[in-house]
Structure formats: structure tokens, C-alpha cells
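With these hints in hand, go ahead and build the complete structure from the sequences.
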Amino acid sequence: DAKTTQPNSMESNEEEPVHLPCNHSTISGTDYIHWYRQLPSQGPEYVIHGLTSNVNNRMASLAIAEDRKSSTLILHRATLRDAAVYYCILRDGGNAGNMLTFGGGTRLMVKP
Amino acid sequence: DAGVTQSPTHLIKTRGQHVTLRCSPISGHKSVSWYQQVLGQGPQFIFQYYEKEERGRGNFPDRFSARQFPNYSSELNVNALLLGDSALYLCASSLERGRHYEQYFGPGTRLTVT
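Just so you know, the sequences run in chain order V and H.
Quick note: the first sequence uses the numbering used here, first residue 60, plus one each step.
Quick note: the second sequence uses the numbering used here, first residue 9, plus one each step.
Source of the hints: derived by calculation from the structure; they are not laboratory data.
Don't be surprised by glycine CBs; every beta carbon is placed ideally from N, CA and C.
Partner residues aside, some chain H positions facing chain V, computed with beta carbon under 7 Å:
1) Gly-50
2) Pro-51
3) Phe-53
4) Gly-64
5) Leu-98
6) Glu-110
7) Phe-113
8) Gly-114
9) Pro-115
10) Gly-116
Now the structure itself:
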């Protein structure tokens, strides 16, 4: 799977929007961009995924650059419960397997 | 609906011993994957099983093995434990294989090797 680069940590204030960036300059045309997050003392949980178009769900929005070399996970109103490690993952479009290749992720801290 | 369950929650073993970890996927999910998460790092892929067959293997030694049962539950076995095997072992299930399918993770089994 292609490599992703994320900042080690970010801070946000409660009830403000948060933009979590991810660079993936070597992405291939068939790679899907997935985001998972891991709350303290829990297993990772799925957040959102997309291929080319921006995506929205109840948890977050995913903005994908036109050249697909970067993406941004947007939390519209951060809450204390959103404090977690956020992982940006590329899933090989040519690989039918389920493997997720996790990097170091971004640790998001939310201040009240 | 129950999520992915794993047992035991914690266990402590001694170097050289053997350990078996268990995972029950979400009802109806046919694919189970195992990950190892060392403290301070992201999870690392160990195995994927689908319809009782191994469909993927990460860069782990042969001391690690797994299997999936007809009810889709799974076991991860680790032989000849080393101190470096101390980690959180995560099980994830998904409805099917493929990049479209979300993986649902269990809470993990914390293994400590002394």
C-alpha cells in the first residue's frame, strides 16, 4: 500500500471545527482513502472513506484534493469524545484483501 | 447487536510459553483479521481469514498462526513467546473481503510476556 504522511499531533478547542491533513503523494489511481480513529483504550473504528469525490457522513467529512495527493478529514464541531489518534490509510484498489496498513497517525487533543 | 468480542481481555505469560487468543466476529461477518499493536505505534497486520481460509499474511514469524472456524470465529496462536510479543492484539471483522468494506475492531487482548 502507498505511504501516507500525517502530523504527529494537533490541538483543537471544543465545539470548533478540526481539519486533519494527510499527504499521499504516491497514491495510485485505484487506491481508496480511508480514515480510522482509535479512542483511548479501544480498538480502531472506521470514520469515512472515499476515492475521488468529497464524502460526508454523520461522523465527519472527507475532502480530497483534485490531484488526490492529499486529503483532509473534517470534524465539524469537535467534542471531548473526539480526542483520539486518527489514521489516514490507503487501501489498494487492485487488492481484494482487507489489510489495513496503519502509520503513526495524528493524535488529536481537544481542549474544553 | 453485539460487536466484535475478544477473550481474554488481559493475560500474562512467561517467555517460551504458548498463547491462544480468541475472537468472535459480528454476526454475519465472514472475514476476520488480526493485528498487533505495540505501545505507541499503529496496529500491524498479522493475518486475514475469509471463509475459513488464510487470505493474507503480514510480516510475522511462523510462531504466529491462526485459524477460522465454521461459525467464523477465529483463534490466534503464538508459540515460544518472546518479550517483544508483548502488545495489544486486535481482531477485526468485516462483512466481506475487499477495500469497500469497513473493518470493525474488537477491544483487543492485552498480552504481557515476562
